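Engineer: The residues making up each chain are set out below.
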Amino acid sequence: MKFEINSDEKSLQVDFQANGEKLLINAPEGSMSLDVVQIQAGVYSVLMNNRSFVIGVCPHHNDRVNVNGTPVVLELLDAVHLHLRELGWDTVHELKAGLLSAQIPGLITKIFHKIGDKVNEGEPLFLIEAMKMENEIKAPVSGEIQRISVKEGQTVEKGTIIIEIG
Amino acid sequence: MKFEINSDEKSLQVDFQANGEKLLINAPEGSMSLDVVQIQAGVYSVLMNNRSFVIGVCPHHNDRVNVNGTPVVLELLDAVHLHLRELGWDTVHELKAGLLSAQIPGLITKIFHKIGDKVNEGEPLFLIEAMKMENEIKAPVSGEIQRISVKEGQTVEKGTIIIEIG
Amino acid sequence: MFKKILVANRGEIALRVMRTCREMGIEVVAVYSEADRTAPHVLFADEAYPIGASPSSESYLNFENVLRVARECQAEAIHPGYGFLSENTQFAQQVTHAGMVFIGPPAQAIKTMGDKTMARQSMLKTNVPVVPGTEEAIIDLGDALQIAKNIGFPVLIKAAGGGGGKGMRIVESAETFNESVGKAQRESQSAFGDGRVYIEKYLEEPHHIEFQILADTQGNIIHLNERECSIQRRYQKVIEESPSPFIHAELRAQMGLAAVETARSCNYVGAGTVEFLVDKHKQFYFLEMNTRLQVEHPVTEMVTGIDLVAEQIRIAFGRPLSIRQSEVKTSGHAIECRIYAEDPTQDFSPSTGEILMLQIPDGPGTRFDGAIRQGMKVTPYYDPMLGKLICWAGDREAALNRCERALREFYISGIETTIQFCRAVIKHPVFRKGPYDTHFYKQHKDELHQSLSTSNEEVLLVAGATLYHHKNRLNQSSKSSNQNKAQRSSWFTTQRGREGL
Amino acid sequence: MFKKILVANRGEIALRVMRTCREMGIEVVAVYSEADRTAPHVLFADEAYPIGASPSSESYLNFENVLRVARECQAEAIHPGYGFLSENTQFAQQVTHAGMVFIGPPAQAIKTMGDKTMARQSMLKTNVPVVPGTEEAIIDLGDALQIAKNIGFPVLIKAAGGGGGKGMRIVESAETFNESVGKAQRESQSAFGDGRVYIEKYLEEPHHIEFQILADTQGNIIHLNERECSIQRRYQKVIEESPSPFIHAELRAQMGLAAVETARSCNYVGAGTVEFLVDKHKQFYFLEMNTRLQVEHPVTEMVTGIDLVAEQIRIAFGRPLSIRQSEVKTSGHAIECRIYAEDPTQDFSPSTGEILMLQIPDGPGTRFDGAIRQGMKVTPYYDPMLGKLICWAGDREAALNRCERALREFYISGIETTIQFCRAVIKHPVFRKGPYDTHFYKQHKDELHQSLSTSNEEVLLVAGATLYHHKNRLNQSSKSSNQNKAQRSSWFTTQRGREGL
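Chains as they are written, first to last, in the working numbering: chain A, 14 to 179; chain B, 14 to 179; chain C, 654 to 1154; chain D, 654 to 1154.
Keep in mind the hints are simulated off the structure, nothing from the lab.
It is possible that part of the hints are untrue.
Stated by the list, open to error - So, partial list: chain D residues that the calculated Cβ filter (under 7 Å) puts toward chain B:
#1 Ala1118
#2 His1122
#3 His1123
As the structure is a computational prediction, the values presented were derived from the model and not from experiment.
Where a beta carbon is used, it is the ideal one built from N, C-alpha and C, also for glycine.
Assemble the whole structure, with the sequences as input and the hints as a guide.
Structural biologist: Here is the structure:
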């Protein structure tokens, strides 16, 4: 499966392939064989071409990984998102914290809250159906819902502001 | 509930009473209030009259308890066994390792093995029905079954040798 | 010797004190708040008593409750640790009135040194140099401005009633003087309930260097050399070491004498710390005295081999010091890193949660004074310090190498910590070289934070692959437990922290 | 300096060596068996390579595999730790032939000192006293009996090809001599594949005292004082300390010289240990030389401040010793307790399983060299040693108090350990007093084991109540998950270990 790994500084195109117990990576940097074994909930011992790493996945932010004690912030994009971007849709876009806009056109199938509701970071906000898939959008920050600009059943264009959390 | 706590050297008669989050003990040694909080699977922080203990229950032998790092071997007898003993039946009796005899009269309802089987410590050996309760008897040691002296459906007297593990 | 001591504290310092008590054959009593029922100090103690709700104002700072427990359990002495009640004159007095021993200096010494202007006044009667400035809190703004002009700008305005950088202002020129005094007074009032401020000379390239002293009830006072504490952020120490890479033997001897004189001037008894500022010309000035055990005391323990808590307890029991000044021998080099539950990438905001995996460094020359365990929850109620890593080796370079190794080995998952931030400092060439000053963090902030977030391609690749594996696992296990739910959403749509889809 | 070192070992010693490598800026390579894929030394290393199946004969002892990995990863040197390949002459030679550095003595020194009769013969050419006995392996029983009579009964029969008490017999009189020789030969043959045995004088109240030496390639040899190792069970050391409470300064100097002479006699290079027996008249005799890092080396590290692994690596790289004999300074007292996964109440049978909760002691003067973590499984494949607790303090009494505190603080659940057994030794009045000999365990066995199992009423009560609480919890959770199953049997019928219902 094709993926893109992004950090603030770098972007890597990779292809992951499960091979029995091992995971193979093909990347422009070369081919790598990974042996990943869980040693604790969310903590893995990883041997990548025999280099040894202890890697913990943060339970709160799963874009935050601890590699040999060092925090690494990264983003993992799968084929769907890569495809969307090829079509000119930016799947990742810096926005004001708490301002959620549609980065793909789609159908709002469900909104879980009303204005004034208090939501916690990670709580589901709404479902948007796009590319025949239903996507659950979670609250990026905790706060109170200040604005809901759409209704269930409404089709939205790319860029439409949907919810604002204050 | 009345219990008896036995070690090689001592025997204590106690009465346990749950009181909300606390456990009350009445014993000839006095009355005690226990605050028991689990800190890890099978490991408890216990405050008994404000004395602090860390107590681990061994997952393999639940007659073995680790108190502040020191292993303590003990036996906890409930009302049924205390009653049996009042009737003159000795529920606890030192025997050669691997020699299992009936310490209560009862009906053998199930034998799980045949002669020559290898069993591991803790594996169920047979079921005996007594006092309208079915009791599962586990292998006290690992080894090979040398002798089975009874059949399923047989009623046995107190002291009858049932199985020998060599 | 005492038979039973109550430790009126929590966290690593409670554990630290209890360890020595147990080594001395003394029973230890813990007190705990609601949030701390299963905290390490409760598990360690021989006895433990609840003293109130989770906020420290309702438990660890509530000295009626602490005294009630001390009487109930028949403790003969109370060790206050640092923070909480350790520098509370009233508490020290009440402990004594209740017929128990307060393990710390006499209440009068706490009082004298606790008030910064009173301490300055007291020090001006000695030969110990004090940073030039006002002798009393500012009353008349006009007089104050004249003093500031005499000292020469820039000057510092500081709170009389507390520390930690609150109520502190650097004033560059006469124009902004009045305005800055007003701000400092208001900040000081809201932080300490005491709006008094005073003026001090602002020193160039200052080093924060402190001396450990020990004084017994027989009037013997010795010092155990210095600790260099110039690595600070927001006026909070981060890394301390001994010996200081900045001072030489002659200066050490002079400052040691000044520290002893300081302790003598306030009739000090027990363990204490005299803090100095040393400028780039190697002129030193008395800054303040901390009348308690210091967070960074293990640094001194590791170079001198002396157990400071044991000395505190022996002194409190009335014993004379176990060594003379001439018998104090130091060897090698020690360095301490404070490990906080804070996120250095989010401006050191406190991080709470459950410690999922914990690996504490160990091995040669490696000590961790902490109070954490795997599976434990870090709550938002108290100081975010998880513990202190202290490394010793034969010389400074070896000690830094050891410290870097130990920090690399330190693994905490589930919460964010300052482990990697400390590593960034230890690796920094200016720190490596030695004579850094208190501006180190401010001057190198960007480099330090950049080295925290930089990762090479190998690390990014292995991190990405492991994240893929992890999500795959979660996805598969959720698929098998709930077919519908898993199909409803693409499992890679979770976006980065602050972005929408 | 070397850029990359392969550590051909596992467990605590692999981790110990790797820590120093990392401090020296050297990349470390781990090798691992199937059972050890997630062992601590694999997690610690920069690189890790599989070398075979779980039994050590197919992995850690398979030196073709180790050498293949060393070549593949381009290691410049191999550290063998102790045990496994550390005293294998052939391995040392092959490492050198492959163009890498073996971090240990020259193969010839290993060979000379590895064979006990060869070592005796070599030592008879020096001034170092050797325990009176046969110079060669017994061939003629008649001659041997005559020698035994000359030495005087009782005598010891010992295996030439190995240690650890296997193939060893004490013979009290001439009558049982021939029979005992036969038994020792057969035992020796089956244990070491070498049936040769020899005779030694049996010493009265012997002390096992060893000297740490360091020798560089330039011919400098120094010693770092002694370790007292007389606390043994089944000829295995349990507790070691330095300084020895038995020897005085003059004897220490004499024995130190003898140790250096021993090392010189076999052209020794690297770190090594010369073992002596000292009888009750303070006469000392050469026993054997261990041509590798010793399990108990941290005891010496803590009193001298010298990192022995760093010295080994520097010596192997060709550097001269970093200190002279006159510069060796010791301070305080250190004591080591070996923590085994063994059940002291079941004749020290190995205990395997998962470590459910782990609390490693820490704080002042407390070091743990181990390789364990919470959630890790202890397998039956390797040596049951989990690690070593080493405590340092200013004097012996304080060190013992600290050790007792640390052992009390040490908590491992899920497997049985020797933690409490060590505590029983440390608390024993004869050990506390000091000059114990190698018969200590034999003589005090019953008291030690009794103190392990004794518990007062308070402990029994709290243990019983917690067990009740635990079973109640389990019962309730199984009731809610499976109503039928829970009703089938009374949940308090589980009987004590070896009893039937």
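Engineer: Okay, which hints does this one fail, numbers in order?
Structural biologist: When the structure is compared with the hints, none of them turns out to be violated.
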